[in-house]
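Enquirer: Here's the letter readout for the chains.
Protein chains: 2
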Amino acid sequence: MERIIIDMDEVIADPMGAMVTWYEENHPQKVNFDNIKEGSWVRGFPEQHRQLVLDKLHGPGFFRDLPVMEDAVDVLKEMNTRYEIFIVSAAVEFPNSLKEKHDWLLEYFPYFTWRQLVLCGDKRMISGDYMIDDHLKNLVHFKGKQLLYTAFHNREVEGYTRLNNWKEAADLFLK
Amino acid sequence: MERIIIDMDEVIADPMGAMVTWYEENHPQKVNFDNIKEGSWVRGFPEQHRQLVLDKLHGPGFFRDLPVMEDAVDVLKEMNTRYEIFIVSAAVEFPNSLKEKHDWLLEYFPYFTWRQLVLCGDKRMISGDYMIDDHLKNLVHFKGKQLLYTAFHNREVEGYTRLNNWKEAADLFLK
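Taken in sequence, the protein lines are chains A and B.
FYI, my numbering numbers position 118 of the first sequence as 125, with every residue one higher than the one before it.
FYI, my numbering numbers position 136 of the second sequence as 143, with every residue one higher than the one before it.
Source of the hints: derived by calculation from the structure; they are not laboratory data.
Hints may contain errors.
If several chains are the same, the list does not tell them apart, and a pair holds so long as it fits within one copy or across any two.
As the list claims (entries may be wrong) - No farther apart than 20 angstroms at their CA atoms in a straight line, the calculated lysine to any residue pairs in the SDA-like style are these:
(1) K174 x D78
(2) K144 x E91
(3) K150 x M132
(4) K144 x W121
Quick caveat, the model's predicted, so the values are computed rather than measured.
Chain A on its own, in the form it takes in the complex:
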């Protein structure tokens, strides 16, 4: 069975979307998507509020209720029967998020088990046949097939095979 390594944030969960919604409901300013470059979507928020955004990201509760990326639940349910799937999140930077990410995954993707979750700081020791991730820093160390999941911060990156959404993942892995 081929092994697929799948990132969590910006790939199956939508922290940027949740943060934008929360921010724009609570502030008159708007997020500037043009400022979001490779590395972090935090730069899209007005400079005077970036610390506020970081505090919310590191604080309790933020990762527990994130929206799920469209079609991820249905497509991964089928992929999970045909591939060895691991959900690998570089979450140790946010220690408050660790249990929340466990609880979130098992609530929204009940067909996964705790055995399929990996919470790490760095992904360079992770091996598999495919890696789906929105960050080049994770993909570059991976020896299997690298698949860049499209996110605002990586939209100018060239030279990678992309997955733009989970329907495209279904086309690649389930046909």
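Using the hints, position chain B against chain A.
Expert: Coordinates of chain B only, in the frame set by chain A:
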């Protein structure tokens, strides 16, 4: 730089020792070390109290204050300058322990960073040059050199290169 994957429980931390101490301080019965076979040291505790032991293991606080294995702090401090070290713990089974393990590691081994911690359910996707672990179920999938760290539950296992303590690790990796 060669990469060494190092387990946490029974290798750098001592949950069995902590549990035995707690149990024998609170109960007239003794732990029977002869009952501890490959798989789990929980079997060493009297049958009528195994659920109690499991509840303590899964509950809050247990992993935050574990004793450190002898010489691990000093030997790993030097190894950390010569090798790429990752501490990999199959801890996702115990979601309450995830943040505790992060906090414990960075307190007792302050030269490690959050980037070096991996919390997973299963270790089969972890790659490196060496793996030091007390469980065969983790070592068998590993493609690098497998090193069995001696623990009560694995003392009858044959056919593996053993590390019996951290002084032996220093002999192997630092000479």
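Enquirer: When no copy is named, should K144 and W121 be tagged within, between, both, or neither for a Cα gap of at most 20 angstroms?
Expert: Only across copies: K144 and W121 sit 16 angstroms apart there, 25 angstroms inside one copy, limit 20 angstroms.
Enquirer: Give the relationship of K144 and E91 under a CA distance limit of 20 angstroms: within one copy only, between copies only, both, or neither.
Expert: Between copies only: 17 angstroms across chains, 23 angstroms inside a chain, cut-off 20 angstroms.
Enquirer: From the Cα coordinates, with 20 angstroms as the cut-off, is the pair K150 and M132 best called within, between, both, or neither?
Expert: Intra 10 angstroms, inter 12 angstroms, cutoff 20 angstroms: intra and inter.
Enquirer: At most 20 angstroms between C-alpha atoms: does K174 with D78 qualify within a copy, between copies, both, or neither?
Expert: Classified as within: same-chain Cα gap 7 angstroms, cross-chain 52 angstroms, threshold 20 angstroms.
Taken one by one, the earlier hints all hold for this structure without exception.
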